[in-house]
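Asks: Each chain is listed here by its residues.
There are 4 protein chains.
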Amino acid sequence: MDFRSDNVTGAHPKVLEALVAANRESVSSYGEDPISARVTRKLSEIFETDCTVFPVATGSAANALALATMTPPWGAIFCHEVSHVAVDECGAPEFFTGGAKLVNLGGKGGKIEAGEIEARGGAGKGVVHHVQPASVSITQATEFGTVYRQDEIAAIGAACKRHGLRYHMDGARFANALVTLNRSPADLTWRAGIEALSFGATKNGALGVEAVVLFDKTMAAEFELRRKRAGHLFSKMRFLSAQLEAYLEGDLWLANARHANAMAKRLADGLARLPGSKLENEVEANEIFVRLPEAAVAGLEHEGFKFYRWDGAQFLRLVTAWNTEVQAVDAFLAAAKRLLAANAA
Amino acid sequence: MDFRSDNVTGAHPKVLEALVAANRESVSSYGEDPISARVTRKLSEIFETDCTVFPVATGSAANALALATMTPPWGAIFCHEVSHVAVDECGAPEFFTGGAKLVNLGGKGGKIEAGEIEARGGAGKGVVHHVQPASVSITQATEFGTVYRQDEIAAIGAACKRHGLRYHMDGARFANALVTLNRSPADLTWRAGIEALSFGATKNGALGVEAVVLFDKTMAAEFELRRKRAGHLFSKMRFLSAQLEAYLEGDLWLANARHANAMAKRLADGLARLPGSKLENEVEANEIFVRLPEAAVAGLEHEGFKFYRWDGAQFLRLVTAWNTEVQAVDAFLAAAKRLLAANAA
Amino acid sequence: MDFRSDNVTGAHPKVLEALVAANRESVSSYGEDPISARVTRKLSEIFETDCTVFPVATGSAANALALATMTPPWGAIFCHEVSHVAVDECGAPEFFTGGAKLVNLGGKGGKIEAGEIEARGGAGKGVVHHVQPASVSITQATEFGTVYRQDEIAAIGAACKRHGLRYHMDGARFANALVTLNRSPADLTWRAGIEALSFGATKNGALGVEAVVLFDKTMAAEFELRRKRAGHLFSKMRFLSAQLEAYLEGDLWLANARHANAMAKRLADGLARLPGSKLENEVEANEIFVRLPEAAVAGLEHEGFKFYRWDGAQFLRLVTAWNTEVQAVDAFLAAAKRLLAANAA
Amino acid sequence: MDFRSDNVTGAHPKVLEALVAANRESVSSYGEDPISARVTRKLSEIFETDCTVFPVATGSAANALALATMTPPWGAIFCHEVSHVAVDECGAPEFFTGGAKLVNLGGKGGKIEAGEIEARGGAGKGVVHHVQPASVSITQATEFGTVYRQDEIAAIGAACKRHGLRYHMDGARFANALVTLNRSPADLTWRAGIEALSFGATKNGALGVEAVVLFDKTMAAEFELRRKRAGHLFSKMRFLSAQLEAYLEGDLWLANARHANAMAKRLADGLARLPGSKLENEVEANEIFVRLPEAAVAGLEHEGFKFYRWDGAQFLRLVTAWNTEVQAVDAFLAAAKRLLAANAA
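Just so you know, the sequences run in chain order A, B, C and D.
Going by the working numbering, 122 is the number at position 122 of the first sequence; the sequence numbering is gapless.
Going by the working numbering, 306 is the number at position 306 of the second sequence; the sequence numbering is gapless.
Going by the working numbering, 121 is the number at position 121 of the third sequence; the sequence numbering is gapless.
Going by the working numbering, 129 is the number at position 129 of the fourth sequence; the sequence numbering is gapless.
The hints are simulated quantities; they were obtained by calculation from the structure and are not laboratory data.
It is possible that part of the hints are untrue.
Same chains, same names: a pair is fine if it fits in one copy or spans any two.
Simulated crosslink set (EDC-like; lysine to aspartate or glutamate; CA at most 20 angstroms straight-line) [what the hints assert, rightly or not]: (1) LYS306 <-> ASP330; (2) LYS265 <-> GLU118; (3) LYS306 <-> GLU32; (4) LYS125 <-> GLU222; (5) LYS125 <-> ASP88; (6) LYS125 <-> ASP311; (7) LYS161 <-> GLU325; (8) LYS306 <-> GLU25; (9) LYS42 <-> GLU116; (10) LYS14 <-> GLU113; (11) LYS125 <-> GLU32.
Sequences are here, hints too, so could you generate the full structure?
Replies: Encoded structure:
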């Protein structure tokens with residue numbers, strides 16, 4: 001009953017089976033294997049466009065490599081102040097770009113607003129004293145478990161276009177957003193202006209793989225060199241690609257995300273009914289932020305439930321995943337109900 | 001019958017089994033899992049000292065992170081001119097260090113000599129116009145399939161100590177060297193002055209994992225931050241650690257290396273007996289460098305044997321691995337014999 | 001009648017005379033000349049401590065080199081959101097540090113507050129996901145023409161000490177602050193915890209020189225290498241040092257700053273008396289920020305007065321300098337008065 | 001009687017007069033002044049093409065900024081193994097490029113050969129494991145006091161073009177080469193393929209200024225940002241430009257170089273006549289490399305002559321400059337003659 005993160009989970013059995021299946025005979029290294037080729041084709045189908053695909057092993061690598069390809073060292077990257085790239089990567093974007101500046105923007109529910117990009121996207125352009133607006137990175141789903149609507153993505157995309165900014169999506173939880181929105185992957189990415197996507201799989205059932213999907217193929221040659229130079233080119237690439245293939249096969253990724261989201265909804269709905277609990281943000285993916293009295297929080301911890309206290313004592317982050325069990329959710333809700341009642345008494 | 005590299009192989013079945021076994025329940029992310037702790041203990045036993053262990057997924061990451069922790073941006077890293085860090089990592093050491101300079105040294109059989117470090121290790125120290133001697137990196141086994149003897153390692157180590165240089169070993173094929181030398185891992189590393197080791201597993205039976213072993217633990221805190229910042233900290237770390245655990249369990253790593261080396265010896269001995277073939281370098285690990293007439297090389301290629309033409313047309317690199325079959329070696333030898341005879345006729 | 005900046009001025013005649021005087025015979029290059037040695041001694045006297053002095057040619061170089069010596073690539077530098085290092089150096093601190101993160105703080109009048117450093121100075125320490133608090137940079141006088149009091153500097157210094165942070169002062173206008181505060185240079189720097197000072201001279205009468213003054217001499221060796229590596233080590237160093245010597249000789253620097261500040265006060269006092277003008281910030285050094293109606297601003301521009309429109313249309317920045325003439329100030333005030341009256345009518 | 005370097009000299013009086021003359025009234029900062037504009041026009045005339053000119057204060061800055069604009073972080077820069085960029089800049093090119101690799105080439109007299117660029121200029125292109133050939137930097141005059149002929153420059157230029165490499169000239173002693181070759185500046189630079197020139201002035205009569213001359217103007221926008229970001233944009237730019245203007249005015253630069261070269265020739269010719277002295281390299285500019293017996297070297301030092309012992313005990317580097325006096329040369333020769341005779345006796 002571990003709600004700390006979707007990365008405390010293992011891998012989906014089908015992903016492991018794919019690894020075993022991939023472990024046959026010798027194949028060319030560094031991505032010249034047939035599985036890697038099939039993954040590129042499959043993602044091109046899914047996104048309805050001929051895209052370039054680079055598997056890497058971590059989300060930080062995917063984001064930092066993509067942003068470095070899109071941003072010169074003197075560039076500004078606009079992102080939300082709670083975004084993973086800004087807060088949780090120990091400065092990886094700064095390292096990979098050679099010292100670009102992340103400009104933190106506010107915005108409700110972890111989402112930046114097109115108006116901000118409109119207003120700031122041209123600031124200081126051509127003035128050598130200032131870093132130069134270069135790119136925008138949004139997180140889908142956001143760190144707060146909300147999702148950008150297609151029109152929101154597209155509005156930011158239009159602002160990027162107007163100001164000549166590159167446009168990146170950190171999709172560590174892209175699947176969770178996708179199944180909520182009921183729109184096509186293409187609509188939510190390149191048709192809305194996205195040029196590079198960090199397509200997450202690790203949190204949603206893989207062992208450790210993300211695909212950088214480049215919709216603008218002119219960036220591919222540079223990306224490849226950056227990936228190698230950063231130690232992120234796997235010699236036995238088939239084992240990254242096999243994970244992705246299984247993840248996409250039969251829409252496993254969507255099924256996994258639907259399950260995680262459903263568990264989050266069940267948890268959120270249950271909490272919403274409990275007096276004394278207060279939900280923060282819309283629950284649109286697989287993360288719930290909730291405030292509970294300290295006695296209840298401590299009680300839950302004491303009973304063995306695991307979760308993070310966010311930004312302060314009584315504000316919890318609960319994350320569901322592809323393998324969260326209904327019983328775990330219900331057990332949490334029952335315990336919370338009991339503890340809240342005792343606290344109110 | 002693929003002799004291109006030991007990285008065209010898959011993983012040993014036991015390594016895959018370990019992944020499956022590790023795929024149970026939720027565990028803490030980022031290395032706080034029990035498997036990772038066990039791997040550190042196991043490597044501490046193997047090296048007979050309390051060391052710090054950081055699993056990463058690629059050899060380039062292991063080397064570049066270690067060297068960056070050992071070398072300031074204005075530092076000089078002494079290495080052999082054919083070493084992986086100098087030639088095959090697209091400048092990863094330069095990237096990770098923030099622009100240190102690799103000083104390429106010559107030396108027979110891919111080995112640098114202690115005398116070179118003695119002579120150059122203090123050059124320009126304190127003179128701001130010059131990069132500052134900072135570290136030495138040796139490759140064990142070397143790119144040419146030779147191995148450093150313990151006294152050679154220790155002599156370089158003594159020179160490092162005298163000049164205040166850090167000392168790193170790229171052990172992508174450490175196991176292959178170890179089984180040749182019949183000395184303890186400790187003797188061949190920290191007792192000879194090595195402070196950080198890139199302990200390879202990928203080429204020798206894993207899917208994709210190397211352990212950076214720090215014998216000088218004062219580097220650990222910085223290393224951890226560098227690893228994260230480079231996108232090389234796995235959230236589901238258990239899947240790297242599980243590979244390492246299986247790799248070490250029951251001395252699988254040594255068995256694998258012994259097999260690869262035996263196959264290399266069989267291949268080398270066979271080639272040595274063939275008139276018209278000329279072996280280069282001692283074959284002390286799992287790589288063979290051999291010169292053959294073009295007709296023979298072309299013939300081998302035509303018959304489906306795979307290998308690299310090194311540095312020019314008729315100079316072949318043949319690599320054996322943990323799973324190379326005797327039949328493949330013998331088939332290669334038979335074909336070579338036949339083709340050489342035809343050519344001589 | 002140019003109030004755009006104190007860097008539109010030329011150099012004080014005595015500084016030029018010193019250049020001419022320094023232009024005699026051959027001397028050792030790269031700072032091994034007698035003038036450079038005298039400057040170090042002189043600054044050690046002025047600061048009442050044995051400090052290390054490195055002349056460089058620009059303020060950006062002084063700041064970026066100092067911060068890079070104080071901050072690892074994964075470090076956080078706390079600074080004010082309007083500070084020069086954050087806004088006006090095109091990312092120089094990020095470049096020189098290898099990608100550290102500037103954390104922008106608010107604070108009235110361009111001054112950060114000790115409480116902020118207390119609160120944030122330890123955040124995330126040892127957690128690899130986050131950049132690590134490393135240093136604080138304050139600007140004296142600030143970008144808004146205010147000055148930190150000694151107790152304010154010392155309070156931030158105490159917070160730095162508590163959290164193990166390095167402490168830097170950007171003193172591009174240090175002289176202007178000093179003459180306002182009537183405290184010793186030592187009291188306002190190292191006695192209050194400052195470990196490195198960018199001691200400005202260019203804006204206050206030199207051609208182009210700043211001295212990086214290190215109160216913590218353990219940083220000197222690294223600083224020297226960084227300076228060279230950044231192309232900021234002058235071969236004919238005597239010509240930087242000669243500027244500094246003349247600048248310090250007979251307290252020219254203090255006289256220049258007193259004049260600039262007096263002119264600013266005269267201008268501010270005059271503006272304060274004009275209905276329709278609204279001063280922003282205390283005028284404690286040589287910068288005035290004032291709001292005027294657009295008609296008046298346009299009128300002043302039309303009459304040939306030069307200044308910057310700050311952050312928007314009717315918000316002016318006026319800077320006085322070591323050579324600002326009383327007549328220029330009075331002419332500006334007279335014009336403003338006339339234009340404001342016309343506008344009010 | 002100081003022959004250590006041409007940077008132990010002061011500035012030519014006319015350069016200082018120009019500084020004094022430039023020190024009038026307020027002018028726009030950061031290069032928006034009329035003197036800077038005139039310098040660009042003047043250099044465009046001299047080079048018979050519309051070029052972009054960026055003054056910086058040091059040769060290392062000029063070289064590193066130019067190379068960084070011409071070379072991606074994963075690029076290889078081909079240069080001579082004794083070149084200033086390779087040996088004497090503490091890794092500045094690596095720092096400014098973000099970790100590019102300098103590939104050291106041999107070549108007689110400090111000159112690289114076109115054949116080397118032909119042979120290596122395409123090596124590894126598109127192979128992600130290797131750094132990518134990106135640029136070539138030659139030094140004119142070389143570190144050994146020799147000069148490239150126009151056809152040599154052009155042959156390298158042709159090889160660059162064939163391989164898509166950028167082409168840079170470190171012209172710290174460009175004037176000295178030019179007056180030797182008796183060809184136009186255009187012939188020796190852009191007409192031979194050079195795209196960026198570090199046009200030296202410091203060593204030849206300025207206080208501290210070099211001009212980066214970009215013949216390919218498409219690099220200008222990036223260069224400007226890099227210069228600012230590196231702290232090399234002077235606020236009071238007029239004082240750099242004024243030095244350049246005086247340096248070019250009335251062909252002062254050529255007269256200075258002619259004098260320095262003539263003194264070198266006098267010194268070399270004199271030494272050539274002395275039994276026991278052995279000149280190394282052609283003396284084609286203002287540097288002489290000569291071997292003398294230790295007794296003679298020690299004697300010269302004892303008599304107060306200053307010079308560097310190069311690469312070992314009895315190998316001297318002697319450098320003449322724009323202000324070297326005939327008497328100094330003759331005194332050196334007389335002393336050498338006397339000491340050699342005594343030694344031979």
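Asks: Is it within, between, both or neither when you check LYS265 against GLU118 at 20 angstroms Cα-Cα?
Replies: neither (34 angstroms within a copy, 39 angstroms between copies)
Asks: Since the copies are identical, ignore which copy is meant and state whether LYS306 and GLU32 lie within 20 angstroms (CA to CA) inside a copy, between copies, both or neither.
Replies: between (42 angstroms within a copy, 15 angstroms between copies)
Asks: Indicate which option fits the pair LYS125, ASP311 if close means a Cα-Cα distance not exceeding 20 angstroms: within, between, both or neither.
Replies: Result: close only across copies, 15 angstroms inter versus 35 angstroms intra.
Asks: Checking an output row: LYS125 and GLU222, CA cutoff 20 angstroms. Within, between, both or neither?
Replies: between (24 angstroms within a copy, 12 angstroms between copies)
Asks: Give the relationship of LYS161 and GLU325 under a CA distance limit of 20 angstroms: within one copy only, between copies only, both, or neither.
Replies: neither (44 angstroms within a copy, 49 angstroms between copies)
Asks: Pop the pair LYS306 and ASP330 into one bin, within, between, both or neither, using alpha-carbon distances up to 20 angstroms.
Replies: For LYS306 and ASP330, only the intra-copy Cα distance (14 angstroms) is at most 20 angstroms; the inter-copy one is 58 angstroms.
Asks: Which holds for LYS125 with ASP88 at a C-alpha limit of 20 angstroms: within a copy, between copies, both or neither?
Replies: between (28 angstroms within a copy, 13 angstroms between copies)
Asks: Checking an output row: LYS42 and GLU116, CA cutoff 20 angstroms. Within, between, both or neither?
Replies: neither (35 angstroms within a copy, 45 angstroms between copies)
Asks: If the cut is 20 angstroms between Cα atoms, do LYS125 and GLU32 qualify within a copy, between copies, both or neither?
Replies: This pair counts as between: shortest inter-copy Cα distance 18 angstroms, intra-copy 41 angstroms.
Asks: At most 20 angstroms between alpha carbons: which applies to LYS14 and GLU113, within, between, both or neither?
Replies: Answer is neither: 39 angstroms inside a copy and 51 angstroms across each miss the 20 angstroms cutoff.
Asks: Within a copy, between copies, both or neither: where do LYS306 and GLU25 come within 20 angstroms Cα-Cα?
Replies: between (42 angstroms within a copy, 13 angstroms between copies)
Violated hints, in rising order: 2, 7, 9, 10; the structure is consistent with all others.
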